[in-house]
Every structure is written in structure tokens, then in C-alpha cells.
Amino acid sequence: MPRIDGLPPGTLVMLILRVLAAQPLHGYAIAQRIAILSAGQLSVEEGSLYPALQKLLLKGWVKASAAVSETGRAVREYRLTPSGRKQLAVEQETYRRTADAIALVLETA
Amino acid sequence: MSSLGEAVRRAWYLLNRGRFDRALANEMDAHRAMMRDPARFGNTLRLRERSRDVWGWTWVDDVARDIRLAARALRRTPGFTAVAVSSLVLGLTLAASAVAVANAYLIRSLPYPAADRLFHVMYSPPGPYEPGGLSALDWNAVRDVVELPITASSTNFSLGEGGPEQQLRALRVNSGFIDGLGVRAALGRSFTREEFAPTSDQAIMIGHALWRDRFGADSGVIGRVFRAEIGERRPEGETFRIVGVLPPGFWFGRESSSVVDVLLPLKEPATTYMVRLREGVSTPAAERRLTEAARAVATSLTPDWTGVHLESAHERYVSQVRPILLGATIAASIVLLIACTNVAVLVLLRAVHRQKEMAVRVALGAGRRQIVRLLVAESGLICVIAVALVVGLTRSTLRVLAPLIERQLGRPAPRGVSLIGVDSNVLIVTAVAAVVIALSLCLVPLATPWQRHLADTLRNAGRHGSDRRSMHRLRAILIGFELAGSIVLLVGCGMMIRSVVQMVTTDLGFRTKDLARVRLVIPARVYPDAATRYAFYRRVTERAEQVARAKVALTTWPPYAESMAFPVLGDGSGDPRSTAGVSAIGTDYFTVLGIAIREGRAFTAQDREGTEPVAVVSEAMARRLWPTSSALGHRVRAVDRVGTATPSTTWRTVVGVVGDVRQTYTDSEIADVYVPIFQVPPERYVTFYLKTGARPRSLTTALRATVAETDPQALVRDVIRVEDENRRLAGTRFLTAMLTAFAAFAAFLAVVGMYGVIAYAVRQRQREFAIRIALGATRQAVTALSMRSGGVVLAIGLALGSVAAAGAGRVLRNQLYGVPPFDVWSLAGAGSLMAIAGLLAIWWPARKAARVDPVKLLNEQ
Chain V
34 MPRIDGLPPG TLVMLILRVL AAQPLHGYAI AQRIAILSAG QLSVEEGSLY PALQKLLLKG
94 WVKASAAVSE TGRAVREYRL TPSGRKQLAV EQETYRRTAD AIALVLETA
Chain Z
3 MSSLGEAVRR AWYLLNRGRF DRALANEMDA HRAMMRDPAR FGNTLRLRER SRDVWGWTWV
63 DDVARDIRLA ARALRRTPGF TAVAVSSLVL GLTLAASAVA VANAYLIRSL PYPAADRLFH
123 VMYSPPGPYE PGGLSALDWN AVRDVVELPI TASSTNFSLG EGGPEQQLRA LRVNSGFIDG
183 LGVRAALGRS FTREEFAPTS DQAIMIGHAL WRDRFGADSG VIGRVFRAEI GERRPEGETF
243 RIVGVLPPGF WFGRESSSVV DVLLPLKEPA TTYMVRLREG VSTPAAERRL TEAARAVATS
303 LTPDWTGVHL ESAHERYVSQ VRPILLGATI AASIVLLIAC TNVAVLVLLR AVHRQKEMAV
363 RVALGAGRRQ IVRLLVAESG LICVIAVALV VGLTRSTLRV LAPLIERQLG RPAPRGVSLI
423 GVDSNVLIVT AVAAVVIALS LCLVPLATPW QRHLADTLRN AGRHGSDRRS MHRLRAILIG
483 FELAGSIVLL VGCGMMIRSV VQMVTTDLGF RTKDLARVRL VIPARVYPDA ATRYAFYRRV
543 TERAEQVARA KVALTTWPPY AESMAFPVLG DGSGDPRSTA GVSAIGTDYF TVLGIAIREG
603 RAFTAQDREG TEPVAVVSEA MARRLWPTSS ALGHRVRAVD RVGTATPSTT WRTVVGVVGD
663 VRQTYTDSEI ADVYVPIFQV PPERYVTFYL KTGARPRSLT TALRATVAET DPQALVRDVI
723 RVEDENRRLA GTRFLTAMLT AFAAFAAFLA VVGMYGVIAY AVRQRQREFA IRIALGATRQ
783 AVTALSMRSG GVVLAIGLAL GSVAAAGAGR VLRNQLYGVP PFDVWSLAGA GSLMAIAGLL
843 AIWWPARKAA RVDPVKLLNE Q
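Order-wise, the sequence lines are chains V and Z.
With the first sequence counted from 1, adding 33 to any position gets you the numbering used here.
With the second sequence counted from 1, adding 2 to any position gets you the numbering used here.
Worth flagging that the hints you see were computed from the coordinates, not collected in a lab.
Any given hint could be a false lead.
Between beta-carbon pairs, the in silico distance windows are [stated by the list, open to error]:
{"hint": "1", "chain 1": "Z", "residue 1": "Trp14", "chain 2": "V", "residue 2": "Pro42", "range": "26 to 32 Å"}
{"hint": "2", "chain 1": "Z", "residue 1": "Gly20", "chain 2": "V", "residue 2": "Arg112", "range": "22 to 28 Å"}
{"hint": "3", "chain 1": "Z", "residue 1": "His355", "chain 2": "V", "residue 2": "Arg112", "range": "57 to 63 Å"}
{"hint": "4", "chain 1": "V", "residue 1": "Ser76", "chain 2": "Z", "residue 2": "Asp55", "range": "20 to 26 Å"}
{"hint": "5", "chain 1": "Z", "residue 1": "Arg70", "chain 2": "V", "residue 2": "Leu139", "range": "53 to 59 Å"}
{"hint": "6", "chain 1": "V", "residue 1": "Leu139", "chain 2": "Z", "residue 2": "Thr60", "range": "39 to 45 Å"}
{"hint": "7", "chain 1": "Z", "residue 1": "Ala27", "chain 2": "V", "residue 2": "Ser76", "range": "20 to 26 Å"}
{"hint": "8", "chain 1": "Z", "residue 1": "Arg38", "chain 2": "V", "residue 2": "Ala99", "range": "22 to 28 Å"}
{"hint": "9", "chain 1": "V", "residue 1": "Asp133", "chain 2": "Z", "residue 2": "Trp14", "range": "37 to 43 Å"}
{"hint": "10", "chain 1": "V", "residue 1": "Leu139", "chain 2": "Z", "residue 2": "Asn45", "range": "37 to 43 Å"}
C-beta atoms are modelled at their ideal positions from N, C-alpha and C, and glycine is treated no differently.
With the hints as extra help, turn the sequences into a complete structure.
Shown next as C-alpha cells:
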């Protein structure tokens, strides 16, 4: 099966929040995590990752702090804030309900 | 996820943009380095921009870039920038200054709380006499409309203790005065209720200036007791205790310069001439209630009594200066409009010049948006620079001119002397005007063709940019508008100049050239009766005549003050009951004031106390009382004292008839009766006139010395040049000078604008002209050709201006004297002046173009 191109709209923020909920990560690691966790099915484009991270910073859902990557480069590490955690819960709930509803339509139509 | 937190983070980002950007760049570099296939990362720069966009501040950078570009473009054309900015600065400063003055007088209120509810009460219309018994008016009965009656009765107050004797301006005031005018003590306290009781001690509040100058600003003055002479009641003086000091600049009276020296509690009934109405009470309603209340107590009501009238305190203060201020503000606004139009014309010409530059920008990928933004930024920048300069310039202009303006207007601003300045009102008006100007100037470049025929424009690189018909028309309209505006101002200015000429040549019936008026006051303690006062009058006139080596004329009523009409009875066959201005005068009055004697004689030294009572009447009076015969030998009864309502019982024989005198330019009461000053009860106030010749200043000093020599306790209240009292002429002259300056500036701008446009148009057609000349056209023909379009614009401008000039007449109507509101002469003068100047402005460049050597020009191109 070929890899899924791009992500369903609106899910990128949720995915970033979700992987950050487990541990603080830098930009490259976030993309890696999502790719690994989806068993390579989902890929985060760099073109959308960084604007999305800016949005999270603006909304106050994540905080950035200076860190050093595994390869020894200066990077920024993103950490979930309490309001980010709340937002994750909201988004997961919304996503689940949407997915259920879509599934319902697909199965019964 | 509150929006407040978001706003804070946004702001924080704005402040730390540089750091943020660097961190992001580092991060992306690291990301790329970690990727197996860094090429997949994409355009880092583009990605950074997209990330930055999220924070919503990109417009700041864009605007900054636009401003930088605009500044660079303006720097490249310093001539254009300087002319545009300075035109706007001059126009705006003029307008802002006019608005500041108008604001200080017309908008800002009197310095009292709820000043819009303060009204003057007038009991007397239509005649000069008010009914009697009004001090008994029951203010409690009208409490539903009048919140506070404000009563003040002025009194003389001579303070001699602890320093040289000083005549002070004192007011006895009721408690309504204290509350209604919001009198607060700067030091000490104001009056208590008990202090208004008849039996209480005399408490006084003193003015700030008196406290500073006489008491050395000593705070220990509160509670101090001293003796002073008050009124004429008890010459031996009374004791007073100072309870408070008034705030600086506190005034009450006709003008804000009438600073109060002493306030005393009013303990006897007095007539109230000012009220503070309750909120929401209409003037007619209050007038009705007050009329009822006045009718209940008034004595000697005449059948034609029209009741009590109220006039807004602020309105009375400013009604005379309003037309002048409005005229000036409108004129300044027209100048500003013309200045702006000129800048717009400049911007248009510049836009045509820059077609090539714009074409290059478009070719390099600039969209319409970017071009428009650049042009808007340029216009905006010009306006911002102008406004920044205007505020400072207006401030300093007003600092210099405010005292002059106040003198010319005849009274200081209501808030106090020289409180004309740039306040929030003026700033708002200026800012709004600037924004409107900036927006309009921004619209101008939008009208310019910038993108069409891109290739053509670029190909025509060697020549000037192409110009099109719509642009010609737009420029013509703007120039026509400038011409019309200048015509309006010139017509206004012409009408005012003619008014001044009319006034100066009007014979008021007396001469004031080199005439000085001296007012003295003598203490009642030293001069208790008529005999001592007469003696003082004689002594002081004699001494003054010696010092001035000129005749001195005593009088009780000054020219240029609208005289009150007093009842006069004649024994003649004509109207037996009449009214007239009555003045008590000394012997040489008619000579000194240059009033012509038509019949009989003037008063002599023999017309004095104890001799036969005599009078001199004016021609108009004589005609009215004795229409069929000579007035000489007839008898007349007039008032003895200014302010009394009934003629005295003394019959006076008319010994002379003199020329009519108009006290002011609009004075209609030219019937006058003169009585010898030594045959009426003498006042403590003496006024005399004398010719000063060419040395008014030294004479003033000498006169003061003479008076002090005659009696050190007599005080010279003031010495003034009578010509300065001619307020109407001064006001008209002031407005004329101002309008002349404005009109000259406007006409100059219009002519310059005209010249610029024609010179430009001619340069555009230079090739064509060269070919025409080469083919045999005469230079005159070519000159005429290029003048034709300018001539049309000129004609249209003149026509529009003539129509609009009717409006100028409407605005100035009340300021005109002997000139009709639509003055053909002024219009003709203004029109021909503008036509000549305009023709010169178009002829000059046209002639220059026709003189070019066609061979040389065609070779060059």
C-alpha cells in the first residue's frame, strides 16, 4: 500500500499535541515520531510543520525552550502546556466523534 | 486560550522578533541537517516567511519597507518634497492657528462650572431704563427654573493701610455668586453662610494678584484685619478680615481681564443680573417665569415693557468677535484648500514624470497593489512630516500672535489672557484635516495611468512620459479651483479694504487724531462735596493744560461707547418728550474734539455753578424739539446724572447748536444734549481729553506726575489714545490685514500652480512646436497656441470665483461698512488682478517655448 499523502485537514495540530503529550520534542523529532507511530503511513510536511508550531506557540498550547539534539545541534524543544493538554483532549474528542459519525454513515448508507 | 493571552504573546513576539527569527532559522537548519534527503525540506526562506505570517505582524515589515522606499523616492526629488511639505505646513499652520483662536473664543466655555447655564438677566428692553424695585425680586418663587441667582454689586475699595493708597476693584456678592461661579479659595476659605448676615464681621476674599503684589504672597495673611475705605458711605473707613485668597486669574465682568481684587459678602438687597438656570430649563421658559416674578415687584413699568430677557453669558462674551473669527477661519481654510490643491497638482505632474519608473517596477513584477501602496506611502509621508512640523509651528505662531490677536479683537479669550493655544480640540481638528488631506493626496496617484501601454512607456524612454487627456482635464480642474478660491479671498479682502476706507473717510462728527483720554478718581474722604470736587476739577485741568500746552476738555461720556439715551423734555412745538445722549462737558470740549459749532456759542467759564443753567444741543436734537424755529433761546430739561431715569427739574436755556456726533459707526442716536460740567452734581470720577501731539508717551508720564502733584490721593485710572478706542475700525482693519495676507498667499499659490502646469504642458509639446516653427509658424502663433488651453482654465476659474464670491459677501456681511455684500468693484478688482497675474503665468513659459531654436531642439532629440 502506498503512503498516505498529506494529512486529513485539521489533524496536524492534534497529532503534534498528542506526540508532545508523551514527551518534549524538537521539530525534526516531532515529524519523525508521527512517521514512526503511524508505521510510516503518515508524513508531516516540513512546509506545514513549522507554521503549525508557530500557531501552537501563539495559542499558548506549547512552550519552546533551547535544547541540544541527539546529533549535538542547537534546537528548540517544544513542551505541552496545561492549556495545550486541555486542547488535546478537546481535539481528540471532536476527532473521535467526527470519525464515529463518518464511520456510521459509511456503514449504514 | 484566552484572546488576552494571545494578544500578550503576539506583542511579546513583536518585541523579540529578531531573536525568534534566528531561533527558527537555526531550528530549520538543524532539521535539514538531520534529514536523509535535505532537498525535501523545501525553500527555507519561504517556510520562514510562512511561519512568521502566523504571528500576524508581517504588515509591520511591509509598511516599514513602503515607508523606506517612499522616503528614498522623496529624497531623490528634494525640490518637489520641499515645495509640497512647505505648502502643506503653511496652509495647515494658518488653518490650525485660526481654529485655535476660534476654539479659544467660541468653543471653550467661560471658566465657571456649568458655564453653559449662566445667563445675563436684562430687565430693561426696549428702552435703556429698567423698572424700579427689582432688588426685591423673589428668587425663591422661581426656584424651579433658576438654580442660583448670581448677584454682584461693584463698589470702590481704597486700601491705604500698610502701603500706598490703592483703588481696588471690589464686588459685593451673594452666596449664589460663590456657588454659581464655583468660587474656591486658593488659600484659606470662601464665605460661610453666617458671613452674609447683616450683623456679622466684614469678611473679605482677596484676589490672587493683590495677594501676590501687595501682601508678598504671604500665607499668614489669612485672618489679618485691616482698615479700608469702601464706597462713599463711611469716609473714616471700616475694618475687614481676610478669610481667603481667590484662585489666580479669577475674573468676573465684561472681560476675562477684569480681575477681581476684593470680594465681600453682599448684605443689602441688590438687583441680580446673572443667573444659573436649572438643567434642562429652556431660555424662553425661564424668561416667562422671570417676567412674572419681575412684574410682581417692579415699579414704574412702562406699557411697552417686553419683559425679562436672558442672554447666554458666553454668547454675550463672544458675539462681537464671532463673525471676525468665522471669517478668518473660513479664509484660512480656503488657503489650506488651495495649498492642498497645489500639492495635488504637483503630485500629478510628478506621477507623469515617473511613468517610466513605474513601468520598470511593473516589469520587474510589482503588482498594482504594491505600486498603489508605494504612492500612498509617499503622500502619507509628506503629510506626516507636514503635521509634525505644523503642531510645533502653530504653537510658536500662537505664542507670538496671541497677545496681538487679543488686542485686535478687543478682548482676551474667555478662559483668561492669552489662553489661546493648541489644546485637544485643535489637535483633533488638525489631525482630521491632515488625514483627509493625506487620503485625498493618496487618491491623486490612483488616477494616473501606470500600467497600460507598458511597452510603449518603456520604448519612449528617451522622451518624457506620455500624458493623456484625462490628466490634462484633472489638472485644469484643480487649477481652476485654485483660481476660484483665490478670487473669493481677494473679493473678501477687497470688500474689507473698501470698508476700512469708508470708515476712515466717514465723518463721525469729531476728531480723535492725537487725542488722549485721562480718567481720574478722587477719594470721597478728601472730596466729600461738590465745592471741593469742582475745585479739584479746575485745579487739575489748569495744571494739565500747563503741562500739555494744550486745551483740556472735561466730559462724562466718551466717544466710541454706544451712548445711552436719556429722556429729555423740550418747551418747543415739536415732540415734547424725547430721548438723547446727555454729556456734561467742560469749556473747550467742542474745540478739543473738533465738533463744529453751527449756531450760538460753546460753554464758557461763566457757565458754572450759580449762573443761569444753559445747554447746547446737537442739530438733530434741535430739529426734533424745535422743527420750525431756531433752538437758541428755547428751554430744555435733561438728566443731571448718568443713569438717572427722570429729567431734572431744572430748565436750561439753549445757548448753542453743534454738529451731530455719531458715537460709533452704527450709532443711530445722533440727538445729543450737552450741559456744563460745573452745573451738575460732580462725580468722584473725572474724564478729560487733550491733544497729545506727537509725544503721547512722555505726556502720559508728565500727566501722572501732574495729577500726583495736584493731589497725591487722586489716582490716574488710565491714559489711553482715543484712536485705540475705535474698536470697530481696529477690528475691521485687523480682519482686512488678515484677509489681505491670506488672499495674497492664495493668489501666489494659484499663480505658481498655473505656471507649473503650463510650463509642464509646454515642455511636453516642445517637439511639436519646433516642427511647427520649422515649417514656418510664427513665434507669436506658437505662443498663442500654448496659451490657449491656459486661457480657458483661467476663464473658467474666474467665472467660478465670481459666483463663489457672493458667499464671501454673505460671511462678511456684518463686518462690511458702506459696501454692499455683493460688491462689483471688489469683484472687478480681484478678477482683473487675477487675470493679469494668470496671463503672465501662462505667457511666460509659452513665450520661452516659442523662442527655442527648432534646429537645435530637433537635433538633440
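Outcome of the hint check:
1. Trp14 (chain Z) and Pro42 (chain V) have their C-beta atoms about 29 Å apart, which keeps the hinted 26 to 32 Å range intact.
2. Checked against the given bound of 22 to 28 Å, the beta carbons of Gly20 (chain Z) and Arg112 (chain V), roughly 23 Å apart, stay inside it.
3. Between His355 (chain Z) and Arg112 (chain V) the beta carbons are some 58 Å apart, a value that agrees with the proposed interval 57 to 63 Å.
4. For Ser76 (chain V) and Asp55 (chain Z), the hinted distance range of 20 to 26 Å is satisfied, since their beta carbons lie about 23 Å from each other.
5. Checking the proposed 53 to 59 Å range against Arg70 (chain Z) and Leu139 (chain V) shows it holds: the Cβ atoms sit about 57 Å from each other.
6. Range check, Leu139 (chain V) to Thr60 (chain Z): about 42 Å between beta-carbon atoms, so the 39 to 45 Å window is met.
7. For the pair Ala27 (chain Z) and Ser76 (chain V), the beta carbons lie near 23 Å from each other, so the given range of 20 to 26 Å is met.
8. Between Arg38 (chain Z) and Ala99 (chain V) the Cβ separation comes to about 25 Å, which falls inside the hinted range of 22 to 28 Å.
9. Against the hinted window of 37 to 43 Å, the Cβ-Cβ separation of Asp133 (chain V) and Trp14 (chain Z) comes to about 40 Å, which satisfies the hint.
10. The hinted range of 37 to 43 Å is satisfied by Leu139 (chain V) and Asn45 (chain Z), whose Cβ atoms lie roughly 39 Å apart.
Of the numbered hints listed earlier, not one is contradicted by the structure.
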